[in-house]
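Position chains B, C and D against the provided structure of chain A, taking the given hints into account.
There are 4 protein chains.
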Amino acid sequence: MEIESTKWFFDKVNPHLLQLHAIEGTLFSGRTKFQSIEILRSPGFGKILVLDGKIQSSEADEFIYHELLVHPPMLAHPKPENVFIAGGGEGATLREVLAHPTVKKAVMVDIDEGVIKICKKYLPEYHAGAFDDKRSEIYNTDARKWLAESKEKFDVIIIDLTEPIEEGPAYLLYTKEFYQIVCSKLTKNGIISVQAGCGSYTELLNLKSVCHTLKSIFPFVNIYIADIPSFGGPWGFCIASTTLDAAALTPAEVDKKIKERSLKNLRFYDGQAHQMMFTLPKHMRKAIAKGARLITDDKPLYLYKD
Amino acid sequence: MEIESTKWFFDKVNPHLLQLHAIEGTLFSGRTKFQSIEILRSPGFGKILVLDGKIQSSEADEFIYHELLVHPPMLAHPKPENVFIAGGGEGATLREVLAHPTVKKAVMVDIDEGVIKICKKYLPEYHAGAFDDKRSEIYNTDARKWLAESKEKFDVIIIDLTEPIEEGPAYLLYTKEFYQIVCSKLTKNGIISVQAGCGSYTELLNLKSVCHTLKSIFPFVNIYIADIPSFGGPWGFCIASTTLDAAALTPAEVDKKIKERSLKNLRFYDGQAHQMMFTLPKHMRKAIAKGARLITDDKPLYLYKD
Amino acid sequence: MEIESTKWFFDKVNPHLLQLHAIEGTLFSGRTKFQSIEILRSPGFGKILVLDGKIQSSEADEFIYHELLVHPPMLAHPKPENVFIAGGGEGATLREVLAHPTVKKAVMVDIDEGVIKICKKYLPEYHAGAFDDKRSEIYNTDARKWLAESKEKFDVIIIDLTEPIEEGPAYLLYTKEFYQIVCSKLTKNGIISVQAGCGSYTELLNLKSVCHTLKSIFPFVNIYIADIPSFGGPWGFCIASTTLDAAALTPAEVDKKIKERSLKNLRFYDGQAHQMMFTLPKHMRKAIAKGARLITDDKPLYLYKD
Amino acid sequence: MEIESTKWFFDKVNPHLLQLHAIEGTLFSGRTKFQSIEILRSPGFGKILVLDGKIQSSEADEFIYHELLVHPPMLAHPKPENVFIAGGGEGATLREVLAHPTVKKAVMVDIDEGVIKICKKYLPEYHAGAFDDKRSEIYNTDARKWLAESKEKFDVIIIDLTEPIEEGPAYLLYTKEFYQIVCSKLTKNGIISVQAGCGSYTELLNLKSVCHTLKSIFPFVNIYIADIPSFGGPWGFCIASTTLDAAALTPAEVDKKIKERSLKNLRFYDGQAHQMMFTLPKHMRKAIAKGARLITDDKPLYLYKD
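Same order as they appear, the protein sequences are chains A, B, C and D.
Plus 65 on top of the position in the first sequence (first one is 1) and you've got the numbering used here.
Plus 65 on top of the position in the second sequence (first one is 1) and you've got the numbering used here.
Plus 65 on top of the position in the third sequence (first one is 1) and you've got the numbering used here.
Plus 65 on top of the position in the fourth sequence (first one is 1) and you've got the numbering used here.
Chain A on its own, in the form it takes in the complex:
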């Protein structure tokens, strides 16, 4: 077997499955106050951001991840003006949010100022100036605490966090108690999206548990999934609202809304993408229906341990 590189990044999909990315070089390697951070260069995916050993996004396909996370709730909402982002350090979620001309204010709360600084410097293509947009407000504190103490309400709340690992900064932002806070900070037709982890048939615990936990609060909750090559397969997201059913949008409606919002730079998302990602085959529907956990502050879910 001919392999291209002598240097490889080991990405653990699960204890019995590793994905190895060839590394051309390390642009940055260090620790912030909260986590380890590396920016690697891969021959296939360009620059790769790694936090606590997990790939967060790659230059080659971050557009899929960020369009998936942002546009379904933003387009489902009739006129999103105030938007809240929990996490989102790279600035690309913010970039996609600001692409909607309806947006008047985008508040992004990421606990880790270090990640933002390093991404600003090494990944300028990701934020594309979003941090400097007059509509942006950036805070470096715990997103849960910020939200709980805030008197503002938001039309769209986007949860863009690293996975819940025991030592990591995010595991208390995957619980029922957190989603209750989130729900209480939504405007009347408010809607949220959540990056919810691996969408592969054999690795659904996190995704279905996030979905199950959201359902304990929101009447409309849906899972949607699409392939993100640098993540090694399909990735899952949840969308939830008290009043809006994003999954029910037809391809034609999605395409019409994209046109109305003048979203000209979309590379992944359109009516067909919408239909594909909200449609799950039989085995996936069945697998998601059973074995999910309610995630609570008392019994949080730790990836790789549960």
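These are calculated hints, taken from the structure and not from any lab test.
Computed from a predicted structure; not experimentally measured.
Check before you lean on any hint, since a few could be wrong.
Just so you know, same-sequence chains aren't split out, so a pair can sit in one copy or run between any two.
Computed cross-link-like contacts, DSS-like style, restricted to lysine-lysine with a CA-CA straight-line distance of at most 30 Å [to be verified]:
no., residue 1, residue 2
1, Lys119, Lys77
2, Lys144, Lys347
3, Lys322, Lys355
4, Lys329, Lys351
Relative to the frame of chain A, chains B, C and D by itself:
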């Protein structure tokens, strides 16, 4: 990073991406006349069949692969009676074909008798008795030669081959000349399906070239894709016919046909699966539209070299 | 980089150094009552015995390991008649002991009957009939307990154990208290040898701690080291006695003794080997002189944790 | 198995044996005119220099390599004044040569100016100012051509080259024809040393062939071997002369010479190291005695191919 195993199978997705499967044991390891063959046991995927170093199928998700390959053409055809399978050594493609009560004869031509013997012994769950069904005819010769010399015509032809590698037995069964033979052996409403390789955004050369080559012969050609976890992501297939447009079937029509055929054991395929797998997001449609090659006997496509 | 195999065994030399062996097949994989056991086949080293994830010996170079462990104490002793082996499951240590015509009785105590059975079946070249020699007595119990309760004394005691890991069966057979028992069971000119772990400059903790602990009991203690390719580098042993100084033997004396004992099948050991392995370069002497720990029952040494 | 890093450098010892080093970061990664060059940082070995995918030296144990290569011929020679180094890009060979107060001129010819520049910048501990010593002359051209055209003669010639790979810059500096040129440029009591590759029992082809080829020219030729941990085991060198027998020096003579030359910073080399490294056990002497090739310009030896 805690990893579960000391033994790993290296699956090369491409020169800069490796997928490593933990191995619990090797049930079989050897060479047939045509290729190397191994049957490994993985903690996550159960038994794994490996030919020439590439995973062919795993116990845990072979149902996805084989349902994907077989049922779209079988259900698109109004009454498939004679079916031809090129390759298909494990016997699971045959198993799915024989599930259709309309089938009177299923001819399977796999050049490698060794693979069939070893699969019969070590993977009985795969064929589930299909080789012993009275409707089955098995030949061990080159499928292209057999088809070219045959006077029979078939309602459905299913191409279930290993990938086209330079030293492998299959690369001349991916060419325009081969598909011309296939086309000439179809009955009036005949239809074919082809396993066509990786369906990941960054690795589409084989899939789009097979599609492009089929389009030089058939008026109706479609790509469809679904995630197969043990393959490390989405996998692509083509369906082609002179008269039938399988992609146009609605979810309701698919569900109705499944009922009519009494296909009670389907785990992946149903109306929603059908819709999902034939719907491609924007970046996939765009990527597939450009850079495809016409594959011919003179200029075959060799995976990992082209 | 061209690599030969798709299957690899990961041998952890230390947390930042892995050695990967290509695997042709798995002859056996399972668990005994005490540990995991695998017999793999490598293209370079033939059959490889793995206990709890660590290579114990390989067909290609087990002769080095077993000659190193056995012949220095056996030849240093003027007339070894009663020999005790702690561990030694493969039977190859026993084989080398029995090669000495002076031996009247060889007692081998290995806690793990399962290992012996599996080695007997899969590694017949290793024991070469030693288990059936009339002079052999095999017991399957804890070697420390057996020795403590025994009324016999031995001319040579050979400690051939797996490394001291927290979950493993051997860590209490590396302590001062154990060596005291060993010492009390030696005849007047008795001598012992101990396999003591990695002999590589950067990984000497176990070796130097075993040496240091032995020195708290025996007046004559020496380290000796030789390269064992399948172990990924040099391996270290200790030899200790109340009265005999094995290290002081000249090459000529060693060669003379080999001749007197009619040891015709030695492949590694001779006068020059003896001189080489007892001679340590400056950096090794210095590294061994500092930082060693006294290993006791209260404060055992756990490899990879200390 | 707990592994420390997510990034690993794959060092191919041979097609069935890989050594993986954890990587903390990449200080430099690029190509010179002649080869790829990387400077990595490992938690265990510090900075590691990699040329064409092979480890050349590490911060933690380069002292072993460079003392081994330099001091045996330098001390065997009664008064080395003019010294020639072929290769030696890092400058550490030059550093050790200049430590001998007898030296009046040290000529270093390394084809690859790029390697020297990068090592000067990133590995200042290696050269330790040697490039700026008034006695140093550095040329960037082919060492064979330079030597062939030179009218100078040298007391000691040190061959410090990368391994002979087909695409690499060094394979014509391992041939009989090259050693003839080298021999013709020695003063009357001249002596040479050669880094000659892996010294592991199962991987001796290069080492024994270099030795065999040298013997076709020089009356006194010896192999010597010592463990270099970052290389993954023992490493082999040859020493050759028309008149001097370096191997015959006793430990006491070596220690006396070290004192006379005031070599106070030696960490590896002393009388005992000398004795150890020139003494080979039985299986090594036997393995080296058979199967060596005569390396010639017409039939060069390519590592990993022969």
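Subject >> Intra- versus inter-subunit Cα pairing at 30 Å for Lys144 with Lys347 >> reply: between (34 Å within a copy, 24 Å between copies)
**OP:** Please work out whether the CA atoms of Lys329 and Lys351 approach to 30 Å or closer within one copy, between two copies, in both situations, or in neither?
**Re:** Between copies only: 15 Å across chains, 37 Å inside a chain, cut-off 30 Å.
**OP:** Measure nothing new, just compare the shortest in-copy and cross-copy C-alpha distances for Lys119 and Lys77 to 30 Å and report within, between, both or neither.
**Re:** both (8 Å within a copy, 20 Å between copies)
Original post:
At most 30 Å between C-alpha atoms: does Lys322 with Lys355 qualify within a copy, between copies, both, or neither?
Top reply: between (35 Å within a copy, 27 Å between copies)
Consistency with the previously given hints is maintained throughout, with no hint failing.
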